[in-house]
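Undergrad: Protein chains in written order, with this note's numbering: chain L, 256 to 526; chain S, 2 to 204.
Treat the hints as calculated values from the structure; they're not laboratory data. No residue lacks a Cβ here, since even glycine has one placed at the ideal position from N, Cα and C. Warning: the hint list may mix true and false statements.
As the list claims (entries may be wrong) - Think about it this way: if two alpha-carbon atoms lie no more than 25 Å apart in a straight line, the pair counts; the simulated DMTMM-like pairs of lysine to aspartate or glutamate are: (1) S:Lys134 x L:Asp522; (2) S:Lys114 x L:Glu467; (3) L:Lys421 x L:Glu280; (4) S:Lys114 x L:Asp522; (5) S:Lys134 x L:Glu343; (6) L:Lys421 x L:Glu306; (7) S:Lys134 x S:Asp49; (8) L:Lys421 x S:Asp175; (9) S:Lys134 x S:Asp175; (10) S:Lys114 x S:Asp159; (11) L:Lys421 x L:Glu512; (12) L:Lys421 x S:Asp133; (13) S:Lys114 x S:Asp136; (14) S:Lys114 x S:Asp133; (15) S:Lys134 x S:Asp50; (16) S:Lys134 x L:Glu521; (17) L:Lys421 x S:Asp136; (18) S:Lys134 x L:Glu512; (19) L:Lys421 x L:Glu467; (20) S:Lys134 x L:Glu280; (21) S:Lys114 x L:Glu512; (22) S:Lys114 x L:Glu280; (23) S:Lys134 x S:Glu35; (24) L:Lys421 x S:Glu52; (25) S:Lys134 x L:Glu467; (26) L:Lys421 x S:Asp49; (27) S:Lys134 x S:Glu121; (28) S:Lys114 x L:Glu521.
Stated by the list, open to error - Computed footprint of chain L on chain S; a stretch qualifies when at least three of its residues, placed anywhere within it, have a C-beta under 8 Å from a C-beta of chain L: (29) 74 to 82; (30) 125 to 136.
To be verified - Simulated coverage check for chain L against chain S, where a stretch passes if three residues somewhere in it have a Cβ under 8 Å from a Cβ of chain S: (31) 349 to 356; (32) 421 to 432.
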Amino acid sequence: MKKAATADPAGARAHARAMSGTLVEAMPTIPAASARDLPEGVDGASVLWDETIAGGGYSSRRLSRGARLQLSDLRGDACVSMMVFNAEQPVERLNVADTLKVQWNAYLGPGRLILSDMGRVMLAIIEDSTSGHDAFCGPSNARSLAASSNHGLANGRDRFVAAVAKHGLSARDIHPCINWFKPVTIGEDGSTRLDVGPFAPGRRLTLRVEMEVIVVLANCPHPLDPRSDYSVTPVRATAWRGPPTPPDDPIRNATPEGLRAYLNLEDYYRR
Amino acid sequence: MTGPTLVRDEIVPARAPWSCVVRRGQRLRIIDLEGNQAVDFLLYSLGDDTERYSAQDTIAAQRNIFLRTGSVLLSSQGAPMMTITDTSVAYHDTIGGACSCESNTLRYGFHTKALHACVENFLFANAAYGRDKRDLVSNVNWFMNVPVEADGTLGIVDGISAPGLFVELRAEMDVVVVVSNCPQINNPCNGFNPTPVRMIVTE
Chain L
256 MKKAATADPA GARAHARAMS GTLVEAMPTI PAASARDLPE GVDGASVLWD
306 ETIAGGGYSS RRLSRGARLQ LSDLRGDACV SMMVFNAEQP VERLNVADTL
356 KVQWNAYLGP GRLILSDMGR VMLAIIEDST SGHDAFCGPS NARSLAASSN
406 HGLANGRDRF VAAVAKHGLS ARDIHPCINW FKPVTIGEDG STRLDVGPFA
456 PGRRLTLRVE MEVIVVLANC PHPLDPRSDY SVTPVRATAW RGPPTPPDDP
506 IRNATPEGLR AYLNLEDYYR R
Chain S
2 MTGPTLVRDE IVPARAPWSC VVRRGQRLRI IDLEGNQAVD FLLYSLGDDT
52 ERYSAQDTIA AQRNIFLRTG SVLLSSQGAP MMTITDTSVA YHDTIGGACS
102 CESNTLRYGF HTKALHACVE NFLFANAAYG RDKRDLVSNV NWFMNVPVEA
152 DGTLGIVDGI SAPGLFVELR AEMDVVVVVS NCPQINNPCN GFNPTPVRMI
202 VTE
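Construct the entire structure; sequences and hints are all you get.
TA: Spelled out as structure tokens, the structure:
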């Protein structure tokens, strides 16, 4: 009888090593400097992170002040739930309520700021070719997927649990999130209206990183998505080095509330 | 048949924190004694406090940002924690969050940093249970009015409550209720004048 190729360690090693170099759609580019199809003006040497996250997948990354993070909705049906932590002291985190309330607006789009619970700006939206996002509905969970007959498939809540654990955090650290790429608007009676798409491929969102952060991304169907075929397509996350925000930046100075969020941030980084 | 039994009946002073265990099946009535007093409100499962109120799960499940009679307050695991069995106010808020010293500096200026705020109350009330800032999430604001206009403009505006109006909740699991009787004086959420509220638990 022929011995199976992986019956002993040497065979298993050879089998494992033969997989090297396999390319799939959802994977990181390692080294990141070899990333292709970069945004105009971005050279490979400045790339910090390039990873395509599958539908149902997740990832997380520490990013530094000044970095740009671009999310590309490659096929037009991504739904990226995002949490953000201060990397130095993760007890400071995204506060969705403050983000909306301080800016007097329910909808995220170009020029809007993502605020922490300590009165500081974490991220700024510097480019956005989408028709909107969702700051109200949170990640999908086992119950919301079951309601659309997608029983047992990966949900945003569980992805968050795994993602934060890799940074020494736990369920207690899971906070209200933002869902990028799936617009939810509010009716006069308070009703939520989801525009589920799918949309044209290639929609892009670029965030400027204002604070040392850990960004957590889970790409799972929206909790209000009625489709029963687990419809969610890959998202590409690409980050590159950039300069910190200068004092004359138009987004920094756009509103008195936003300016104070930058002033608080700059005060925090006086060292 | 006998009527409901009184478990607790307390006045929460203006600006103060408050907390209470409410057992499954018990009812909590919150009375806005003097009118338009925001009551910031969080819930934790008594058995496992990593399960806590989730504004986003609640909004997604009922497909509406306003809390009204019949609204079910859901946990981070999507389980019912409390149900609004009755309220004499048209709707309540759960998108506005809690005021904090830090967010006050953005909203009103750096001079407001030292003013008392709901996050301070939440931290103090939660400390008695071994919880800390990690455990704070988006809360309910009873008696607070936060409309969203067609273009997305939102804000805390003049209240739609009045003296004696109430909300009554039924606990669907054993919960710890944590409250900040909002001390904010820079917007209309308390009519610029924080006042006491009454808490009645019955079974």
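Undergrad: Would you mind marking each hint as holding or not holding in the structure?
TA: So, going through the hints one by one against the coordinates:
1. S:Lys134 x L:Asp522: holds, 22 Å
2. S:Lys114 x L:Glu467: holds, 24 Å
3. L:Lys421 x L:Glu280: It holds: about 23 Å lies between the C-alpha atoms, which stays within 25 Å.
4. S:Lys114 x L:Asp522: Answer holds: Lys114 (chain S) to Asp522 (chain L) is near 14 Å, not above 25 Å.
5. S:Lys134 x L:Glu343: The hint holds at about 16 Å.
6. L:Lys421 x L:Glu306: Given that 25 Å is the threshold and the Cα spacing comes to 17 Å, the pair holds.
7. S:Lys134 x S:Asp49: holds, 17 Å
8. L:Lys421 x S:Asp175: violated, 31 Å
9. S:Lys134 x S:Asp175: holds, 22 Å
10. S:Lys114 x S:Asp159: holds, 23 Å
11. L:Lys421 x L:Glu512: With a Cα-Cα distance of about 34 Å, the restraint between Lys421 (chain L) and Glu512 (chain L) is violated, given a limit of 25 Å.
12. L:Lys421 x S:Asp133: holds, 21 Å
13. S:Lys114 x S:Asp136: holds, 22 Å
14. S:Lys114 x S:Asp133: With Cα atoms ~20 Å apart, Lys114 (chain S) and Asp133 (chain S) stay inside 25 Å; holds.
15. S:Lys134 x S:Asp50: holds, 13 Å
16. S:Lys134 x L:Glu521: holds, 23 Å
17. L:Lys421 x S:Asp136: Within the cut-off at roughly 19 Å; holds.
18. S:Lys134 x L:Glu512: Within the cut-off at roughly 24 Å; holds.
19. L:Lys421 x L:Glu467: Roughly 17 Å separates the two Cα atoms, so the pair holds.
20. S:Lys134 x L:Glu280: violated, 39 Å
21. S:Lys114 x L:Glu512: Satisfied, since the Cα-Cα distance of roughly 14 Å is no more than 25 Å.
22. S:Lys114 x L:Glu280: Given pair Lys114 (chain S), Glu280 (chain L) is violated - Cα atoms ~49 Å apart, limit 25 Å.
23. S:Lys134 x S:Glu35: Violated - the C-alpha atoms of Glu35 (chain S) and Lys134 (chain S) are around 31 Å apart, more than 25 Å.
24. L:Lys421 x S:Glu52: Given pair Lys421 (chain L), Glu52 (chain S) holds - Cα atoms ~20 Å apart, limit 25 Å.
25. S:Lys134 x L:Glu467: holds, 20 Å
26. L:Lys421 x S:Asp49: Holds - the C-alpha atoms of Asp49 (chain S) and Lys421 (chain L) are around 22 Å apart, at most 25 Å.
27. S:Lys134 x S:Glu121: holds, 10 Å
28. S:Lys114 x L:Glu521: holds, 17 Å
29. 74 to 82: With 3 residues close enough to chain L, the hint holds.
30. 125 to 136: holds (count 4)
31. 349 to 356: The restraint on the stretch 349 to 356 of chain L holds, since 6 of its residues have a Cβ under 8 Å from chain S and three suffice.
32. 421 to 432: holds (count 8)
The structure fails to meet hints 8, 11, 20, 22, 23 from the earlier list, while all remaining hints are met.
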